[in-house]
Structure formats: C-alpha cells, structure tokens
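J.: Sequence:
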Amino acid sequence: MGSEDDRPRPRALRDGTTEPRFAARYATIEEVAELLGVTPVSLRQTMRRRDAGEASPASDAFIDPIGNVSGYLWDRDDLTPEAIAAWHDRPRRGRRPNSER
Numbered sequence: 000m001g002s003e004d005d006r007p008r009p010r011a012l013r014d015g016t017t018e019p020r021f022a023a024r025y026a027t028i029e030e031v032a033e034l035l036g037v038t039p040v041s042l043r044q045t046m047r048r049r050d051a052g053e054a055s056p057a058s059d060a061f062i063d064p065i066g067n068v069s070g071y072l073w074d075r076d077d078l079t080p081e082a083i084a085a086w087h088d089r090p091r092r093g094r095r096p097n098s099e100r
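The opening residue of the sequence shown carries number 0 in numbering that gives the first Met the number 0; numbering runs sequentially from there.
Some hints could be false.
Unchecked claim - Now the in silico label distances, taken between C-beta atoms and shown as ranges:
{"hint": "1", "residue 1": "H87", "residue 2": "E29", "range": "25 to 31 Å"}
{"hint": "2", "residue 1": "P90", "residue 2": "A23", "range": "33 to 39 Å"}
{"hint": "3", "residue 1": "E81", "residue 2": "A23", "range": "18 to 24 Å"}
{"hint": "4", "residue 1": "P90", "residue 2": "A22", "range": "30 to 36 Å"}
{"hint": "5", "residue 1": "T17", "residue 2": "R48", "range": "16 to 22 Å"}
{"hint": "6", "residue 1": "R20", "residue 2": "A85", "range": "25 to 31 Å"}
{"hint": "7", "residue 1": "A22", "residue 2": "E53", "range": "29 to 35 Å"}
No wet-lab data here; the hints were simulated from the structure.
The C-beta atom is built at its ideal place from N, Cα and C for all residues, glycine as well.
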C-alpha cells in the first residue's frame, strides 16, 4: 500500500473545504487570492484563462489547482513562498521583461 503522496489528488472535492480533513489540507481560492494579494475574481479569471489555454505559458509556474464546484482548491503544501514568488514574477501577457522603466 502506497503512502498518501502516491495517490492521485481528487479532481473534484465538491464542497470538501467544509470538511475538516479537507479544510486542513486544501486552501480555497479566497485564501490563495489573499496570499497573492489579488482579488478572488481576478484569480478566478486567470485560472479560467489558463484552463482554456489562453494564459501565457509563464502562468504555469504557479501550482495546479484542484477543481471544486465553487472554484479551485490548492494543496497547502504546494503554497510555498517560492511558488508565490514565481507567480508574482511570471511574465505578463503583452509586457516585455523589465519594461517597468
């Protein structure tokens, strides 16, 4: 029998975040948006663009969310400071690197 890490993550938890075992492990879109300093709506739009293949490939530097009826869930173990920094440092669509000058 494999460890918990060997099992595939659930794709749909329904509203699993209301269950303590999921709430402890998974972060909701609202929590992730707060961590990233963006609104849940803009994060949802980014994730939808990414799901539709319209987002820049650079947005893939961020963790893959798990589908949930109310939006997206992220494994808390994946939300490292490095992952959050990678999301902030991702090249934006339509902008050249170092173009803030």
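J.: I'd like to know which numbered hints this structure contradicts. Please list them from smallest to largest.
T.: Checked against the structure, the hints that fail are numbers 1, 5, while the rest are satisfied.
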